[in-house]
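*Asks:* Letter by letter, the chains look like this.
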Amino acid sequence: MLKKQLIFTITFLVILLITIFSGRHSSSEVVAQQPAENKSKLVLVTSADYPPYEFRETATGNEIIGFDIDIAKYITKELGYQLEIKDTDFSGLIPALQSRRADFVMAGMTPTEERKKNVDFSDIYYEAKNTIVAKKGSNLIKPEDLTGKRVGVQLGTIQEKEAKKFKGITLVALNKTGELILEIKSNRIDAAILEDTIAKGFVASNPDLEFNTIPNTEAAGSAIAFPKGSPLVADFNRVLQQIKTSGELEKLVNKWFGNNGKTETSSTSTLSFAKIAPSIPYILEGILVTLRFTAISAFFGFIWGTILSLFKISTIKPLLWFATAYTSIFRGTPLLLQIALVYYATPQLTGYDISALAAGVITFTLNSGAYISETIRAGIGAVDKGQWEASLSLGVPYQPMMLDIILPQALKNILPALVNESIALLKDSALVSTIGVADLLRRAQIVGAEKYIYFEPLLFAGAIYYLMVMSLTWGGYALERRLQRSS
Amino acid sequence: MHSKEDSNVAVKVDRLYKSFGKLKVLQGISTEIKQGEVVAIIGPSGSGKSTFLRCMNLLEVPTSGKIYIDGVDITAPQTNIMRIRQNVGMVFQHFHLFPHMTVLKNVMYAPIKVKHLSQEEARREGLELLSKVGLAEKAEVYPSKLSGGQKQRVAIARSLAMKPEIMLFDEPTSALDPEMVKEVLEVMQDLTQTGITMAIVTHEMGFAREVADRILFLDQGRLAEEAPPEEFFAHPKSDRAIQFLEKML
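Chains A and B, in that order, are what the protein sequence lines are. In terms of this note's numbering, the numbers along the first sequence are unbroken and rise by one, the last being 487. In terms of this note's numbering, the numbers along the second sequence are unbroken and rise by one, the last being 249.
No lab work stands behind these hints, which were simulated from the structure alone. By construction, the Cβ of each residue, glycine as well, lies at the ideal position given by its N, Cα and C atoms. Any given hint could be a false lead.
Derived DEER-like restraints, expressed as beta-carbon distance ranges [as the list claims (entries may be wrong)]:
#1 K317(A) with K247(B): 20 to 30 Å
#2 R481(A) with D190(B): 18 to 28 Å
#3 G386(A) with R15(B): 22 to 32 Å
#4 R15(B) with K317(A): 24 to 34 Å
#5 S45(B) with M470(A): 18 to 28 Å
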């Protein structure tokens, strides 16, 4: 009986792993390769929420475009490579290079001394200036004006480093530039330090804001980043030099930074959903990503949770210890941290480049398995002992007894709890936006970045999340009623 | 398979002890049940009747002692207890029907899963058994819609579906309303005519007297007395049995 218990659970585990790993190849996520000299494709990783450097044109499609992208296309074409573009959070760019997920990174990135310790840089291809963005009439013009003020910067940027030099300020580092603008508008911060090109766009869309260029600051030049020791640096520098002298670079600067013609002004007082209307189909596509992600994670999380719960009621002590320790760890640490660890640590530790979607699914499976196992364990405990005895006395072996007799009754008892867990999972799935999966939330953020507005896309996404949760809740009720009827 | 000198012995119990922690429930029971024999196990509550019965299919693992079913020592570690249990049916005080299956599915389940009968075979045999216990018309009903007496008759049919040679009954009528006791006892009485070996833990003295070939009287974990019912009820030997019968009759 012990042996059968063991075989049963191991079989389940193997099936689980096979399904996860065979499934990820069919997923739409692109997978980068180990950098090697003799390959024809280069992977560019960028953070597509930083117009005009890189952003998504969400009204017409899902393509990442921008100043950096044009340069990257030019260089890779010139060098005879194909280009593949992947998207992640800005703070995930250096890890992407370190984990060899990226061959190079272009994201308006400035070559600082700290960054140079971890990655190699090309020559600078564009120099921008830093500005102070604040509410009109706030009189925050020079760095000295900021003394005693709360000043926002984007986490991990050159502006953050710059702002640290200002005396007497309270620094607030956020993940996205759009968030900084919102914080200014809601008076949580007094000003933000942004690059002039970005600042121009935001101020054009938000007439209640103004920006002032910071004089005499270190040039915030942008350069291309490579993994340490990459052989590509020299080639890229050669082509950069070429486009500087040929005037090609100037053409691109004019195309993307010239008189910021693509942003239209809007009123400040009311929400302007009209502005995001063309991008709504793009956001809606995120529903499928979110639902698929939630469904796959819930399915595997449920199977894994069932296995763990069987461990917990097992008479084999090591299985019991494992399941208990496992649950304690996964319930005891933040999910956001687990996602980052799985996504960034897997390639560095194992050399296996896990896709963002697969990393998300695995993390959520492992995490929700821990929670579900407790629920199922309680559900199994609530099944009358007599059901076990009746099965045993009929000579029914362990596996069919669990699958046909015990678990169906346990699941019926815990159905409301399982619906709860699925709802939590659906909402928590928004966390995968941090590793660049284009789910509902990330798409809303991307649209916000493209249009220089933040509130409207988030409200829109929030409404969709709510509708999805409500459908799930009603579905759960309907299922419960059906099960009640059968007995 | 096992050629034993007493080939007509269905169950042999040899110095059976069972303790739950410090509580000594069974203290050295030895007896034999012959094939086709019907024994009634009676005694005051707490005397170990149910534990004794549950040891016979290892729902309780004996602390020491041996139990042979058809000559096979079921307490030996290498014995496949699941195989033995297929041959030893059990009926519980609280029925323990599977609530999420219809009556017919309850009866069909084990033959399909354990004996790998086809759906049609299991269905045919299941319906046959249900009509034997008088419940053919309830085949597609869920257990929650049945009365206690009906539930117990289904439970008996479910056990019989495995075609066991031995049936264990653990107070099968104790949880029933008085008016339902009779229908269950009638089914059991019919069963005694089929030649199946039966061990019945019961408080129904009239029934024990009528159907049993032998009475096992347990007291404080010991087999205080065993005798044919006419002898036991007319001339109980031990003081404990006399006291017990005075209270019961």
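*Asks:* Does the Cβ-Cβ separation between G386(A) and R15(B) fall within 22 to 32 Å?
*Replies:* For G386(A) and R15(B) the Cβ distance comes to about 29 Å; the hint holds.
*Asks:* Verify the CB-CB distance for R481(A) and D190(B) against the hinted window 18 to 28 Å.
*Replies:* violated (41 Å)
*Asks:* Is it true that S45(B) and M470(A) lie within 18 to 28 Å of each other by Cβ?
*Replies:* This hint is violated: roughly 55 Å between Cβ atoms.
*Asks:* Does the Cβ-Cβ separation between K317(A) and K247(B) fall within 20 to 30 Å?
*Replies:* Since K317(A) and K247(B) have Cβ atoms about 47 Å apart, the given range 20 to 30 Å is violated.
*Asks:* For the hint 24 to 34 Å, verify it against the beta carbon of R15(B) and that of K317(A).
*Replies:* holds (32 Å)
Violated hints for the displayed structure, listed by number in ascending order: 1, 2 and 5.
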